[in-house]
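Peer 1: Chain by chain, the residues:
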Amino acid sequence: MSDVELSKYKNPIWQNKDNRHLVCEILQSDGEYALCHVVAGPESEGGVNKDFDSIIAEYGYEELDKRTLEHSKIKEQRLIVEKEEAEAKVMRMKQEVLFNMKLEAFESDLIQSSEDKDLKKLIRKARTPIEVQAYATILIQRELEKNAE
Amino acid sequence: MQNNGYVYVASVNKAYYNAAKISAQSLLDFYPEAKISLFTHAEWVEDSDYDIFDQIITDKIPNHIRAKLWALSQTPYDITLYIDCDTMIQHEDISNVFDLIGNNDILFTRNRPYNAQITKLSDTEEMIYHCGLFLYRNNEKTKTLMDNWYKGYLEQTAPDWNSDPYPYQVRKWDTFTMWKLLNKTEHGVRVGDFPQPDARWNFVIGYRPSELQGTETVIFHYTITVDELSRNEIYNIK
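Those protein sequences? They're chains W and V, same order as listed.
Residue 1 is where the first sequence starts when you use this note's numbering, and the numbers rise one by one after that.
Residue 1 is where the second sequence starts when you use this note's numbering, and the numbers rise one by one after that.
No wet-lab data here; the hints were simulated from the structure.
Because the structure is a prediction, the values reported are computed rather than measured.
Cβ coordinates follow ideal geometry from the N, Cα and C atoms, glycine included.
There could be a bad hint or two in this list.
Cβ-to-Cβ under 7 Å is the rule here; a few derived chain W residues that face chain V [claimed, not checked]:
(1) Lys89
(2) Arg92
(3) Gln95
(4) Phe99
(5) Lys117
(6) Lys120
(7) Lys121
Using the sequences plus the hints, can you model the full thing?
Peer 2: Dropping the structure here:
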């Protein structure tokens, strides 16, 4: 067993300073920390919360302000990263869809055997699925007309 | 007159061979006079492949995931564009690629850390070059570099290989072997970058469209899915 006494309150930050509302990890009887909301209510209402008073005594307003600012900066950064990751995922999916459509177009015998290099190039260069679809349709139609003659 | 051409290498899984044919066909759509060589296993070759490839080299091809490293020094061309099989050519500029080499012996495109599994090796060392597509001159220095690349990769994947001081995950990457050769050996090879925007010459799936800086993609580089690999024949040495 460790001789080090664990602090009762960990990582406190303001949730709403006007409402004297803190978010903090509090040591439980089983030795684990649990995330808790500590609310004393607006000062004008004179509410009392022992945990709130203890946290203020241990950390002070200035330190809590500093921690809250740091936390919101980290959170903001994380949101930016998450947004970038989500955008990258969507972009990659779009690229995959476009590429697979091109592959599928060239699996068509009519397209593959066509000697219409210009339209084949347009399919390969297409930037959107709708372009692939359109050029593939034109090419197939031309090949069918040619075969019917 | 210089004899320049394009090289594909397909080994181990037939999905790579199929992909090489698809890529080479797209190359011919934009550059019908292109000289293209394929290094692959004899058992996979079909007669119609000779409509696509000028040369199909099957002699002594190792059944190895990095057979490309073995094949590179045996290019039949003066200047070679090595292209991974999982690519599609999308622009006429592919015919001018050999002009880009200038005074260099080898040209690479750059890795994009946001789109790569690993590029950073330490605070000061980074694998900056993408090794799935590059342009190189056929001379003694580059041939030695390529042969050492294969040798180095075999050593790197041997059971007793020690990655220290680099992360163990570099082990499977031939990019690391090349990085080591370029940065830790006296190779004498003149190394350069593809002109900006280099991404148009090797636009890897996942790259941001802004990497193209308004230009058009010449080579699109995808990844063959695990599903596709599992559906295809694995080469067995008879």
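Peer 1: Against each hint, give a clear statement of whether it holds in the structure.
Peer 2: Each hint tested on the structure:
1. Lys89: Hint violated; lysine 89 (chain W) Cβ to chain V Cβ min 9 Å, cut 7 Å.
2. Arg92: 5 Å, holds
3. Gln95: 5 Å, holds
4. Phe99: This interface hint holds because 5 Å falls under the 7 Å limit.
5. Lys117: 6 Å, holds
6. Lys120: 5 Å, holds
7. Lys121: 6 Å, holds
When each numbered hint is compared with the structure, a violation occurs for hint 1 only.
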